[in-house]
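Novice: Spelled out, the chains give:
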Amino acid sequence: MSEVIIIENLSKYYSKYLALDNLSLRVPENENVGLLGPNGAGKSTTLKILCGLIRPSSGKAYVDGINVAEKPEQALSRIGAIIETPEFYPFLTPEETLSYFGRLRGMRGDGLKHRIKEVILLVRLEDWGNIKIEKFSRGMKQRLALAQALLHDPPVLILDEPALGLDPRGVVEFREIIEGVGREKTIFFASHQLVEVTQICNQVAIISHGKLLAYDSITQLEKKYQSLEHAYMELTGGSIG
Amino acid sequence: MGEFEKLRIVTGYEFLKHVRRRRLYIILGIALLAEAAMLILFPVLSDGYPRSVMVMAALLTIGPAMASIGAIFFAGDAIAGEFEGKTGFMLFTNPIKKLTLWTGKYLAGYIAVALLIIFTYAIIAISLFVIYGQVPFEMVKSLGLCLLYAAAVISVTFFFSSVSKGAMGATVITLLFVWVFSGILESVLAFTGNPYWFLISAQGDSIAYVYGGWEVFFEGFAGGNIGSMMEGFQTLSVGMAAWGMVMYMVLGFVLSVWISGRRQLA
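As you go down the protein sequences, you meet chains R and G in turn.
Residue 128 in the numbering used here is what sits at position 128 of the first sequence, and the numbering runs on without skipping anything.
Residue 132 in the numbering used here is what sits at position 132 of the second sequence, and the numbering runs on without skipping anything.
None of these hints come from the bench; they were simulated from the model.
In this text the structure is predicted, and so the values were computed from the model without any measurement.
Keep in mind that the hints are not guaranteed to be accurate.
[Unchecked claim] List of simulated lysine to any residue pairs, SDA-like, C-alpha gap at most 25 Å:
1. Lys117(R) to Pro95(G)
2. Lys86(G) to His230(R)
3. Lys141(R) to Glu126(R)
4. Lys224(R) to Leu235(R)
5. Lys98(G) to Ile54(R)
6. Lys132(R) to Phe4(G)
Let the hints inform the model, and build the full structure from the sequences given.
Specialist: Structure below.
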């Protein structure tokens, strides 16, 4: 099985602050891998480097064999991403926004229109497709972000806290969508929600202070540490009473 | 898919944003009100309109002001806004070169400002034809310079947008640079007989001076009785003004692309 995401000795300094410290990990094709860690661990930094939004201080990142720093447009053509709390142009509607991004990815005509309707239905925004995004709540924008990540049916999904801001029903629906598409895609997603990670992912990477502390299947971690929660707490320096 | 096709797409959607925002209509309204005010107040406050169509054309030339305002309001948030508003997290994860993105935003902003300028000049042409029965050919030169000036101001705005944290900062700094800093320096250098062709405010002033220089322009003020205030003042030639604008247009845009290419969306 080939590795779709390769992170090699990635380090990142924000001025003097070391956010990533020689991080290395590989995500196999069609695997769903959760990236866990406390606040400031380097999760978002890792995902942003994979999406070409920031440059590493050293090290390399590859998506589908493409060096992200050297050929960012090529790498991005393989990725659907949700990074941070999504913001959209308030003057556009979801259909217009998805049309914009879809056309930038080479999608056209009836195929694009059909796909837009498909993903809008998938994220349950069918009643809001022609409403300007300025009227949207945070949760609705999160759903739209998922729609834009799935629009071009990318082989790789990179998601940073994708269920943040969703109501409980939304969280369940989101999980069902990811579980559905995850069977044919490689998903690398950062979250604080252990339950969510357990249900969506089969492997987990735990990082803290920019370093990789553990990278294993959830089953193995549960065998070693009784539960994923215990593993997380012990490895990141917390304690469970 | 080629970058030119992506450029067309970005330009289209960025222009759609300008149309959807109220700014375009507000600035169009301001242009209309400003010209109407001139046309109404002049005959009311003095003995009718100036005798010379050239003087009236110069007085009605608010194109440079509209070009500055339009350029700054349509371009101030072009780069800074994507970082400040975090829309870059969506936009930059698409497979498109930053050069294509910024060029598309530039073109969209330019089209919006160009429409504004053409609208303003259309009002001037109609007014002059109604009042004097003629439209001076110099208006074509003035319009051409004004359109080039708009491109220059947009580039300057892009530069400040690329270095500013926020859109408001970029807008304010550009306004200060174009109208205050450059204007003051122009006055000092011009009245002390030193070269000032490189100042963007001077290039903007030259747009009205195509009708006959500052003497024609100031004839409209108190019958031209301005004492020795303008002694020694030399206006920029059209050629010098145009070269200066091209310099700002190219340098400003190139620098903005280079700087924003190094910016990271952390």
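Novice: Please flag the earlier hints that this structure goes against, numbers listed from lowest up.
Specialist: 2, 6
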